[in-house]
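2 protein chains.
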Amino acid sequence: MDIHFRLATEGDLDSIVYMLADDVLGSKREKYEQPLPESYIKAFHSIKSDPNNELIVACKEETVVGVQQLTFTPYLTHQGGWRATIEGVRTAASVRGQGVGSELIKWAINRAKQRGCHVIQLTTDKERPDALRFYERLGFEATHEGLKLKL
Amino acid sequence: MDIHFRLATEGDLDSIVYMLADDVLGSKREKYEQPLPESYIKAFHSIKSDPNNELIVACKEETVVGVQQLTFTPYLTHQGGWRATIEGVRTAASVRGQGVGSELIKWAINRAKQRGCHVIQLTTDKERPDALRFYERLGFEATHEGLKLKL
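These protein sequence lines map, in sequence, to chains U and V.
For reference, each letter of the first sequence is one residue, going 129 to 279 in the working numbering.
For reference, each letter of the second sequence is one residue, going 129 to 279 in the working numbering.
Check before you lean on any hint, since a few could be wrong.
Same chains, same label: a pair holds when it works inside one copy or across any pair of copies.
[As the list claims (entries may be wrong)] DSS-like mimics (lysine-lysine), calculated; alpha carbons at most 30 Å apart, straight line: (1) Lys-176 - Lys-278; (2) Lys-278 - Lys-254; (3) Lys-254 - Lys-276; (4) Lys-188 - Lys-276; (5) Lys-170 - Lys-156; (6) Lys-159 - Lys-254; (7) Lys-241 - Lys-159; (8) Lys-241 - Lys-176; (9) Lys-241 - Lys-156; (10) Lys-241 - Lys-188; (11) Lys-278 - Lys-241; (12) Lys-234 - Lys-254; (13) Lys-156 - Lys-278; (14) Lys-159 - Lys-176; (15) Lys-170 - Lys-234.
Keep in mind the hints are simulated off the structure, nothing from the lab.
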């Protein structure tokens with residue numbers, strides 16, 4: 129399949145939020161409606177104006193079929209190394225099982241190398257065992273526990 | 129113990145890197161020497177110049193006895209919610225077991241609320257079972273797997 133990747137624009141937001149909501153866990157916490165809740169638009173502009181955040185879409189011809197957010201963070205640890213974090217990876221139901229997810233992650237790995245990161249990381253909900261295997265196949269190792277506290 | 133918290137300055141770097149290196153896992157990957165490797169100083173300035181990153185030190189009188197880095201990230205997920213991430217939490221050997229670690233994390237939780245985050249998160253190496261219990265006692269839940277890929 130011929131997939132290309134680019135930075136998301138505001139015009140992609142509708143497709144992106146649709147994908148975020150069209151998901152077992154996302155359906156409980158997202159709100160896809162017309163017009164889109166203002167909070168998504170505000171977050172989009174916060175991401176876009178931050179040079180250390182990139183919202184990436186995968187496109188099949190002109191159609192958005194995947195999304196992920198990359199965050200690049202300078203840390204003191206590892207002798208002052210930068211890390212890349214992947215979050216919010218989703219693919220459209222219409223292309224599931226066609227390798228778009230793998231292509232997204234491979235793109236993220238290359239982008240993280242370009243940005244000089246020494247590691248790329250992500251967390252995946254323990255309720256998504258298939259996602260864990262997917263990332264392990266791509267070379268990630270589940271060396272850490274991922275903890276959250278709702279505020 | 130009377131502990132106060134503030135943003136780290138370049139003058140704190142020596143104490144901070146000493147703490148990062150004086151650790152079971154850190155001793156394998158950090159490099160504490162005089163003068164400090166340039167990479168730490170460069171990372172410090174990258175953190176300092178990023179409004180979404182805060183390097184926080186805990187001080188007992190004038191002595192730095194703890195450190196952590198907070199990163200605030202805007203995401204589209206959770207209806208465009210901001211998250212806080214804690215990384216690189218260390219306390220000085222001289223105060224271990226005196227609650228400085230808990231105070232650091234409680235400070236981070238309050239700071240994340242001030243910044244309008246809906247969740248605060250971190251990952252902890254599975255080789256640190258004590259750290260996992262420490263965070264669970266503070267209310268964090270290990271709902272996620274934390275995956276890394278070295279680049």
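So, going through the hints one by one against the coordinates:
no.	hint	result
1	Lys-176 - Lys-278	both (25 Å within a copy, 27 Å between copies)
2	Lys-278 - Lys-254	both (17 Å within a copy, 22 Å between copies)
3	Lys-254 - Lys-276	both (12 Å within a copy, 16 Å between copies)
4	Lys-188 - Lys-276	between (34 Å within a copy, 28 Å between copies)
5	Lys-170 - Lys-156	within (21 Å within a copy, 42 Å between copies)
6	Lys-159 - Lys-254	within (23 Å within a copy, 35 Å between copies)
7	Lys-241 - Lys-159	between (34 Å within a copy, 23 Å between copies)
8	Lys-241 - Lys-176	both (21 Å within a copy, 23 Å between copies)
9	Lys-241 - Lys-156	between (34 Å within a copy, 23 Å between copies)
10	Lys-241 - Lys-188	within (25 Å within a copy, 40 Å between copies)
11	Lys-278 - Lys-241	between (32 Å within a copy, 10 Å between copies)
12	Lys-234 - Lys-254	both (22 Å within a copy, 26 Å between copies)
13	Lys-156 - Lys-278	within (15 Å within a copy, 33 Å between copies)
14	Lys-159 - Lys-176	within (21 Å within a copy, 35 Å between copies)
15	Lys-170 - Lys-234	both (28 Å within a copy, 28 Å between copies)
Of the numbered hints given earlier, the model fails none.
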